[in-house]
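Generate the whole structure from the sequences, applying the supplied hints.
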Amino acid sequence: MKMLLRLTWVEIKLLTREPLTLIFTFGLPLLILLVLGGIFRTSDVLDDVLVGRQPIDWYVPAYMGLVTASIGLISLPVHLASYRERGVLRRFRASGVSELSVFGSQLLVSLGIALIGSGLLYLLGALVYGAAPPLDPLRFVLAFIVSVAMFAAIGILLAAVIPTARAVQGLGLILWFVMLFVSGTSSPLQLLPVWLQRVGQALPLYHVVQALERPWNGRGTDLVHLSIVAAVCVGASLLAARLFRWD
Amino acid sequence: MPGPPASAAIVAPPVAQDLHEDVIEVRGLHKTYGGVPAVRDATFSVRRGEIFGLLGPNGAGKTTTVECLQGLRSADGGSISVLGLDPRRQSGKLRRRIGSQLQQSALPDHIKVWEALDLFSTLMHTGTDWRVLMEQWGLSAVRSRRFHHLSGGQRQRLFVALALVNGPELVFLDEMTTGLDPAARRDAWELIREIRDRGATVVLVTHFMDEAERLCDRLAVVEAGRVVAVASPQELIAAHAGRVRVVFTCTECDLSWLDRVPHVHGVERHGARVEVDGDGPVLAMVAHALVAHGLEPADLHLEEPTLEDAYLHLTGHLIRE
Ligand SMILES: Nc1ncnc2c1ncn2[C@@H]1O[C@H](COP(=O)(O)OP(=O)(O)OP(=O)(O)O)[C@@H](O)[C@H]1O
Ligand SMILES: [Mg+2]
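Read top to bottom, the protein sequences are chains A and B. The numbers in my numbering rise by one with no breaks, and the one at position 223 of the first sequence is 223. Just add 247 to the spot in the second sequence (first one is 1) and you have my numbering.
In case anyone wonders, no lab produced these hints; they're calculated from the structure. Glycine included, each C-beta is placed from N, C-alpha and C at the ideal position. Incorrect hints may have been included.
Sample of chain B residues facing chain A (criterion: CB under 10 Å; computed from the structure) [stated by the list, open to error]: (1) K359; (2) L366; (3) L409; (4) A410; (5) F419; (6) A471.
Okay, here's the thing in structure tokens:
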């Protein structure tokens, strides 16, 4: 437990020494929010879902999901895989650092990054398009934590099964872009052909977006989507723990 | 005082039993990578409180062997007991009691020296104060430097310090002095002796002859995955080097008579340097004969055989550096 906290603290310090590694994680969702938020500002496709809210209020939580996806699909697994490639994980293991400490510190750091990224998204949305604050913050935070945990677990799993950091980066980027287009995060899902909607529904980001958006806009907790996210989290964690390699 | 009866010398001295307790027992260790054997049937044991060396050329299987002992790789055959534990199945327990300096490993680029020491000391309850280690291993001046800015020797010393940060009973050092300058090597040897003198056992992998000869209490000579000899450096030298060598310099002198001097086995000339192989009183014989031939070299001396000679004799080749 002590190791977990110390390692987390060290990882945070390391991140502050290399802040540019977060450019993609923070930058791209902000950029897309800025552009798409403008395009769909006056759109009415979301009117029957969002009573009394603007389209931007749908995008802000959806893009928070995009930030968690970018952490779990790209930054976390690239970081872990390069640790393995360079022999850092060998050093950790020989010093008796447990899997739990490694995974746990990655999860905590991911939560921190996701919080900052989400805060920036909300600020930008509020400043530029007048986005409103969440209507049900407690339920939203619950969904947010489960979502980050799920993507962190997927990230650890990716790092476990893909041998090199470069390969992880390539695969992670592809997964991220695919999810971006079909999970209701680039354009409202209703605008996609049905078969693409089905693809989207088979991918985890769609459920994360649903689970985040509803409490944000005061539409309660969506137990179905939240359960799916939690189940994927548990499954990915178990698989990652089984397949994880130190070298 | 009357001397002991002659037969007593043969009986083993009554040393305390636990002094010679084996902390590591390896029997028939076997490891292959993709069908190619890296370690074949290695058998040896390490006693508590000694510096035990594994000496051999590149690719001999030294790292594979010690990493199996630390539970970092799994053996394909044989039995291993380290501090009475099975390194694979009881790795957590083992890890708290041993220290490891790995040949290949790294730290995050941006971690500072003190942060690494501080981080890894948290796992331990009984550890040495890391500040003392930082001082001893000459890292105080770079305490706030980031890992990727450290020189090769500084990294190496940091890794050794990290291996000691938990105050281990057993330390594995894999090529500890590679990349250290001569002064730092000597300091490292002294510190390792101190660790042993405080009661810890040290397993040292090296391909440096002088390091093995001066630092190790006992050695396993490893050759193509096999342990070809286990003994103290002195025993290895006595058993395998055999002869002594008389050396002097002499320009343009006729030495055709030299190999007929009693106890001389051979003469080699390298420019002005003359090397005479022989046994027993060969120094006195050569000295006498030189003077009789009107030659009085000022630098006539005896060269004791070294571990290098023994190694050459044992394996038929030298480790090239
Ligand atoms: N992970 C691995 N996969 C495949 N082959 C390996 C692996 N590790 C070691 N080998 C091979 O096993 C043999 C023994 O390697 P090992 O690293 O144990 O040698 P060593 O005695 O430590 O050498 P060095 O002095 O160069 O460190 C070598 O031929 C090496 O190529
Ligand atoms: Mg080696």
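Here's how the hints hold up against the structure:
Among the interface hints, the one on K359 (chain B) holds; its C-beta lies about 9 Å from the nearest C-beta in chain A, closer than the 10 Å criterion. Nearest Cβ of chain A to the Cβ of L366 (chain B): about 6 Å, under the 10 Å cut. The hint holds. Interface hint status for L409 (chain B): upheld, as the beta-carbon distance to the closest one in chain A is roughly 7 Å, under 10 Å. Among the interface hints, the one on A410 (chain B) holds; its C-beta lies about 8 Å from the nearest C-beta in chain A, closer than the 10 Å criterion.
Interface restraint check for F419 (chain B): the shortest CB-CB distance to chain A comes to about 9 Å, inside 10 Å, so the restraint holds. The criterion of a C-beta within 10 Å of any C-beta in chain A is not met by A471 (chain B), whose closest approach is roughly 24 Å, and the hint is violated.
Hint check: a violation occurs at hint 6 only; the rest are consistent with the structure.
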